[in-house]
Amino acid sequence: MKAFLSVRFLSVFAIAVSRTISSVSNGTCASLLVDDFASQSRLTFLFYNAMLQPSSDDGTMAPIVGRADTATSVIVSNNHLTLTSVSDRTSYWYTMLGCTSATDIYGGIGMTIKAPKGTTMTIELQTSQTCSTDSPTLTDLDSTILGWNFDGTEQYYTIPFSRFQGLDTDHLLSLLLSGISKPITLGPIGFYCGVSGTAYPVPSTVPVLEPTSTIPATTGPSAFLIDTFGNANSNNLGFYHGGDDAATYKLSKDRMAINMKGNSDLSWYTQVSDNCSDFTMNNDGYLHIAYTGSDAFTIAMQQHNPACDPNKNPWPYTWDSVEASRYSNTDKTDIYVPISHFEIDYTKTIGFALKGFYTTVPTVFLKIEIVHTVPSGFLVPSKLSTAPLLFACTRPNSFAFAIDDGDPQFAQQVISTIAAAGIHVTFFTVGAPLLDQSTNLTNVYKSMLAAGHQVAYHSYTHPPMEGLPSLAAIDWELNNDISAVSQTLGVTSKYFRPPFGTEGARIRQRLAASIPGAKFVEWSVDVQDWLWAQSSTPENQIKSFQNDVDKGGNLVVMHYLYNTTVSYLPQFIDIARKTGKQLMRVDQCMEDPDAPPL
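If you use mature numbering (1 follows the signal peptide of the UniProt record, and there is no 0), the sequence shown corresponds to residues -18 to -1, 1 to 580, in order.
Hints are computed from structural coordinates only; laboratory data are not their basis.
In silico SDA-like links for lysine to any residue, alpha-carbon gap of 25 Å or less:
1) Lys365 with Thr312
2) Lys349 with Asp266
3) Lys365 with Ala494
4) Lys365 with Pro193
5) Lys294 with Tyr251
6) Lys314 with Pro451
7) Lys164 with Ala53
8) Lys294 with Gln564
9) Lys243 with Gly41
10) Lys235 with Gly225
11) Lys428 with Asp574
12) Lys365 with Pro203
13) Lys365 with Asp302
14) Lys96 with Arg71
15) Lys428 with Pro575
16) Lys314 with Ser364
17) Lys164 with Thr104
18) Lys476 with Ala432
19) Lys294 with Phe221
20) Lys99 with Val68
21) Lys476 with Ser452
22) Lys243 with Val58
23) Lys294 with Gly220
24) Lys243 with Asp277
25) Lys365 with Ala205
26) Lys96 with Tyr138
27) Lys349 with Ser307
28) Lys525 with Trp297
29) Lys243 with Ala53
30) Lys99 with Glu136
31) Lys96 with Pro142
32) Lys243 with Gly483
33) Lys243 with Asn60
34) Lys96 with Lys164
35) Lys533 with Ile557
36) Lys314 with His354
37) Lys428 with Leu34
38) Lys476 with Pro578
39) Lys243 with Thr52
40) Lys365 with Thr355
Start from the sequences, fold in the hints, and give me the full structure.
Rendered as structure tokens:
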């Protein structure tokens, strides 16, 4: 899936910076965190540090390909940041400091750095008495002047304010690193108290423990081979198999190697029918996958739409997913999943999908088949609840506009358009920008709530969440989003739309565990603003909308990021109305008993 926010999420950074004035009580001082590098997407998609102040390399670091969350070598991992400059050393990276007043409180800024021997760089502090980024005062020192000597190990380094002549410590605007001669890795950055500091502690992460209960094995009535990967285009049943990106998998000698390189949005499919297959009789059987390598992926069983018509949206209609690693043997050679653990309409089975790969370690698949039962000694794990995956409204003759975050400058136009149309819609909001007062998004969404619209969750920093490295990282996104929406808007929701539409077993399981009755909302009508809005043919957004509506789609994805998209909104509404369906919020179109009456 492709629907997403613009990489430059909001154009709010070239303005006066909201000021951070440190509070000191009872003569004590606490370190002030600038960034703990808790999130790749917070830093390189939303361009925020931990202070929710702007931070970026402005695209100057060495380019990197194949990642949805960064285009340059600004890589976050385990609360550390690795920067790789281009060879001519013209790269730079900055993090804004919120116009912090540090006089008589903080003696400087510290961080751990790991860098090869001989590495040098320039450290620049920017100040402004007006807290404006327009014409800041720049003060630079070379790392050698500060006595920074690197030996390839991680050590703590300080930037004492006293070393910068004439520095205005009442209005600290930004820290900028430039002229970086070799790749460096930074630990958490923070203001330290007094004249010396110690490293800001790396936040501790408590691993998420999934249930380990098991269930008795069952025995199914039949066994048959699905795929041994001997044919380029079809499986052993004679039906289609293939993937989203041919460059990510290779079939050879009755095996298939997959390396999605951490792109959790890509899938590989093998079908058990060219239309609808009734898999009910296999409910007591097991899906067996023989493999080697990584088990960090999702297995999904896909369901056709009610008409079993591939020309109707949505297709597939839904699917249920399990986490491959939970169903693997201890040798990591065989996976056994009870068919009953895929909660779909078995009478409309399409097939299986391998998806949600979240590491760069390859997996080699040797066989996919249905077997009667599991080997002796194999412990069958209990089924973990997954939030239902919704692509279409369930209420008869309903149609819902579900609008993801955008640019505040277009918000009023969106509100006016839907008010003039006399309809209610659903907005899915990213949490972090709500906490940034400069975006005004809190007031925007409060006005939407007051007008009767629904506001729901869309993650905290907009990463491809199934691709996050751990369950704890997924929980960090969910919990912070829930907290931000509650703190700023005073509401909660059961509805969640994943950034980029990326889903898998882990995010659906964690959503179900975090929010009782949670709904995982996708779409069946895509405006494709991400593809056409800034192209030479923005009117293709109307064509995309019309095509999906003509196929029966009734649940929209769009953003208010671009002028063209927002200007076409009246036409989108007219197209939807011509279907004769009633336009409403997502919770209403899903027949939620807690939704307001129509």
